[in-house]
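Peer 1: Please assemble the complex out of the two chains, which come individually in their own frames, going by the hints.
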Amino acid sequence: MATLQGLNFTNLNVSSVFIIGILLSFVFVLLGNKINHLIKIFTLSFIFSILYFYSNEASPYWYIFGVFLITLFFTNKLKKYSMQSLKEDFISEKIIFDFITLFGIVFFAFVILFPFYIMLVTSFKTQIALLVNPLDFSLDITKSLTELFKSYFVIFETYNFGRYILISSAVSIGTVIVTLLFAIPAAYAVARLNFFGKNFLSTSILIIYMFPAIVLVIPLYTVFSQLGLRNSIIGLLIVYTATTLPVAIYMLQGYFKSIPKEIEDAGIMDGQNWFGIILKIIIPLSLPAIASVALYVFMIAWNEFLFSLMFLDSPKSFTLSRAIQYLSGDAETPRQYLMAGSVIVTLPVLFIFIYFEKYLVSGLTSGSVKG
Amino acid sequence: MSDSLSKLEKRTAYTLVLPAVLLVFAIVLFPIFANVWISFKDIELKDIRIPEPRAKKIVKSISENQSELKIIYKLRNSSLIQELRNVQFQDKFPTNVSPINLDPRCNFQSKKVVCNLGNWQAKFRENFEITIQNNNGEIIDKKIIKSQKPILSGKADNPLLTTNFTLENFKKVFYENNFVELLLTTFYFTFFGTVGAIIFGILAAQLVNQNIQGRTYMRGILLFPYVGPVVALAYTWTLLLDPNSGTLNALLVNFNIIEQPVNLLGQKYITMSILGFEFKLRLALTTVIFFEIWRYFPLAFLFILARLQAIPQTLYEAAEVDGASPIQKFIHITLPQITAIISILFMIRFIWNFNKFEDIFLLTGGASGTRTLPINVYQQGFAVSDIGMGSAVSIVIVMLLLSFMVIYFRLIGKRANEV
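Top to bottom, those sequences are chains P and A. With this note's numbering applied, the first sequence corresponds to residues 194 to 564, in that order. With this note's numbering applied, the second sequence corresponds to residues 54 to 472, in that order.
It cannot be assumed that every hint is accurate.
[Claimed, not checked] Short derived list, chain P residues pointing at chain A, Cβ under 7 Å:
no., residue
1, F283
2, T294
3, V299
4, L324
5, P327
6, V371
7, F375
8, L386
9, I401
10, P405
11, I411
12, L413
13, L430
14, V432
15, M462
16, F546
No lab work stands behind these hints, which were simulated from the structure alone. From the three backbone atoms N, C-alpha and C, an ideal C-beta is built for every residue, glycine too.
The shape of chain A in the complex, shown without the other chains (with noise of 0.2 Å):
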């Protein structure tokens, strides 16, 4: 009884979880698998279409009278690069109505011409011609041979199927694509974008905290930018630091603090003088990093304040008894208790960071020294249309994220016996 019971459970748990898990698997778990496919193949973006044989048909009065027409089609393979094989045509007549000096290739049965075309190579054109006559000697009705489109078919090989495999993409990604700097972008953007969004998060989560009125409204409009659409905050943004008239430098022009407008999002690097010391600063990468800090401080923020919450008000009460000033309360009572799921933020914003491409994508397009290796993924597959270079990237961000995980769930799978 329980027996069947239990089978019956089963087998209804997989009906209803078998739809919803097949369409995750078909579009997230085998693009991951189908990317280290592609990245060891040599495909551009203009070869992904499958081979087509084309015709254009054409149709000219020879005779007088119309009783004959000559039909020219002009074949051509779609493919610049790929052939196409058995190549077979056909297309249909009117009834009394038969082709004259047929080409040996085809064959006329029961009004329609089918012809056995071969093999087309790449680029493969040819001006095919049918005469056609109407046999009682009458008028053949030119709309109605050009209104029957011709049927073609043929075999090609799916370019992405084909068994020919290469290292060149995973060479060029190394060696030919400023890998380092690339890489070191990427971390710049991610740590400091992370740290940064991290500390506002502390910073906001501690003022909501306090008891202030409109607490509620101060907290869902902090939210405002993480829920809002990042193509809308990323023209505002863009709008904001505009040189020519931009908000922001129109603001330090008028308080003296800047003499010449900067562009902010679009100088690569800003020499600064502090101390004596000169340095250069990453100008378009630290734009695009406060863009994200802003964008994203939020979730910290609302994470910590959930944190900061739960606290104990005893333990602050204990703390006042003693005699411990805001500082100590806040190092000695308030930390400890908010660093577990500090930790938990920071590594799953650093994914995140890691991944990101949207928000650098519209605010500078990955030029002046903002190119992270989402960027590059899609510079390379698509603005460079080299999507087996694409792919060979995207497997070293999958690469990366793995480790990263590794080391996540080792780090929290400690942590989480000490919470």
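The shape of chain P in the complex, shown without the other chains (with noise of 0.2 Å):
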């Protein structure tokens, strides 16, 4: 595959290929709706993409074939302008806006995924391509797939990954089990119950999760220290849940106040006690949110670096973050080693977030996830 290499953007042609943009926009306008808009743009980018590459001779194909592309998207985003269009009121402030609105659209899609993107790509490179082009985007598949996942094969084989992922998830998994079964009780408690103490409580849970961790950490290090919990699973699992209770708690009683008194008024009158209301009638009907509440706890302890970089010093109880950032601290180790990594932890986060991403955004703009 051909790279960003061979070109030299600094002959671009710039101002031809301005005039021509500015010419086919015009004729783009001044055809309206007499033809069909799928034939028009199409005849267009085309025309566009020809004259493109006559002003540019250096371009490779695959590169012209981007740029039709691009100049495809954007001509169908002139879709409702026509002469008729041009008379409205404000319509230069309005075609300003579209267009700041277009390129708005792409700036943003382009700064959040290129780094993502670079992630990926240069878990897939060897080090001599790292360092003699940093502008190399491409991925060569033509590679046998051991030697594209060679930086993968060497994380797990000489640095234990294998053993860093099976850690976090015992941590994460365990944090979300703990939370929920100590939030769920208490939830339920200030959502339904009445008792002394039931509005500071609620207050202070708001106010507890503005703390930071870093003033936690100090004390945490040294009562852990004599206690023996550092290197310890078990110690990160107890902050961890301490630090993510305040969350679930605020997130499940707002949910369990929406559910109607009256189911559970029906359950004390079959002579339930409140465990048997929790278990049988607010964890069924809450599933939803619970599974919200699961997956956000999940998402924190899995991301969680400032712990266990403070917990956790020998190689053996090691966290996926951690261990990235134990990796890095050795200036020899390679870069897309490094990468590799990062895409091993970022991968479940974004997954899960992709796919639950209608649950996780409600949670989110109820107003709950720190960071």
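Peer 2: Written out as structure tokens, the structure reads:
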């Protein structure tokens, strides 16, 4: 595959491209709705690409194809413009706004996705390829699979990443389970029962939530050192549970309040105690909320870095994040290994997020997740 | 009847709430108060281990038939600074084995040697010897003797619990720590990170709120930096910004925007001249702020988008009828509708950015002018290993946070009535 190395951007014939673009836009607007939109955009984009090719002869064919696709995308956006629409009020402002919108979307998508793309591509490269040409964004898929995934093999074999994945999963899933065990009863009590100190409790949940992990670190470090809880998964589990509990309680009690009280009254009539009510009525009715809390807690625990940095010194008990940080501490570690590790730690979170986006976004806007 | 019911309700509520409350108090609230205690103590990282008596057992043969053995216990106080009091020593021996010429501090009773070794100073060391013999003149198995570990116990003060306090830490925080610069850096980082995130959030929300195809996908993609693990993202950025093999520098050089690659994360200042005015820009700090904006504008975006979508469309239609331009619509309809959410976002993000540790730590480690208060807690507590000082910096953070919160609740309390 060709790379950007072959292109000399400084020789781009910008002015001629600009003039061609302006001319074609005029043609587009003049044509208006006289011919089918699809035919119009295809022919105009094609003409543009051909003219572009002749004004910049050095460009390779795949690059021209890219230009064609981009032009197609932009001309498609021009659909609503014609000679009539140009006579509307504030049309220049509207055109500028449309233009900004379009470029804004492209800009944001690029700025967000580009680092993720670089992370992925770098993990498939060799050390030499990385150093030779930093502008090579291509993936050489002609290489054999073992060569392509070499960094991944290395970090699993030499750097024990299998173990770190296990530890990270164990800690995250453990945190989810313990947090839910503590949070569901507490959230039920806050949502439904009357007791002294309830208001105090709900406000202090919010205030505690504002307090940063960094001020907890030194006391916890000293106490955990004396209790022998450092370098242990149990210690990490305790801290993660305690720090995610306020969020979990806050999110769950909001949902529990929305469950009609009559359903519980029926349960009380049947002679259920609170344990039965929570287990047989509340939990089945609020499964979606519990699932979204569980996913959140999982993501927080999986992404957590500060406590794992403080509490874990021995590579035996590293989580994924800590392991990657430890790897980077050695300046000799090739960057593609670091990126392979980063891909491994990022993928599960992104998959969960994409798959459950709807639940997670509603949870986010209910004012919960810290960062 | 109802009285007993409400009593039952209360008792149930407490049983349900208590486990969670206790855990959160122990792990979150207790440390905040413990910080106050530690910050008034002159204590270092190596002091936090409680001193222990330790013994290494060495077994030596002294007679040919091995019916007599000499055992040397290398005793020491594990602490370099703390005294151990009333150290008790105990070791067990097999049947038919008894000590000879036993040290006067010790007793031999029912196969056990029990010694009272008194007080050990800090760094105390002693080679303590016991000679044993088999009463029947038979061979003593060295391995059995060696496998038996001596039991030691002693009393020591937990250095964390002693009651000698000092104001030294706070003096050092305010006078020897470049405190003003530390505070300024923290505020630059917090303020510009917050404002930037909100501005980009508004822009992104405005864009996504228009009728474009794939709006939900766009919303999902925009949230990626916020949900991704900080370690992975920070290292990807470090790679992108690297002066030697980084993509960004290579691109800028390729387009002739800069002549030499710039070390965006390792250079404290860069001199820029705009319109003939020369000024120095905090380069590394600016880069870190941009990372911060990149990572957290999605949250602002999401909240503002939710608010934008709740604005009744009729408002815009009415404005259209009145002949308002897009800019006028934005200024007179959209902006007033989102000021409330922006002020809330500003406070929340301000507080969270103020506490941000991981992002800066992973990008620069606090070097080249990016040392903020949270970074300083880590540096003092773990790099310099002066945890008393680290705690003192934590206290400064907590105090500043509390004052932000007071301001926040005052402002929001007033705002809440308006919304």
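Peer 1: Now, for every hint given, state plainly whether the structure supports it.
Peer 2: How the hints compare with the structure:
| no. | hint | in the structure |
| --- | --- | --- |
| 1 | F283 | holds (4 Å) |
| 2 | T294 | holds (5 Å) |
| 3 | V299 | violated (10 Å) |
| 4 | L324 | holds (5 Å) |
| 5 | P327 | holds (4 Å) |
| 6 | V371 | violated (9 Å) |
| 7 | F375 | holds (4 Å) |
| 8 | L386 | holds (4 Å) |
| 9 | I401 | holds (5 Å) |
| 10 | P405 | holds (3 Å) |
| 11 | I411 | holds (5 Å) |
| 12 | L413 | holds (5 Å) |
| 13 | L430 | violated (11 Å) |
| 14 | V432 | holds (6 Å) |
| 15 | M462 | violated (14 Å) |
| 16 | F546 | holds (5 Å) |
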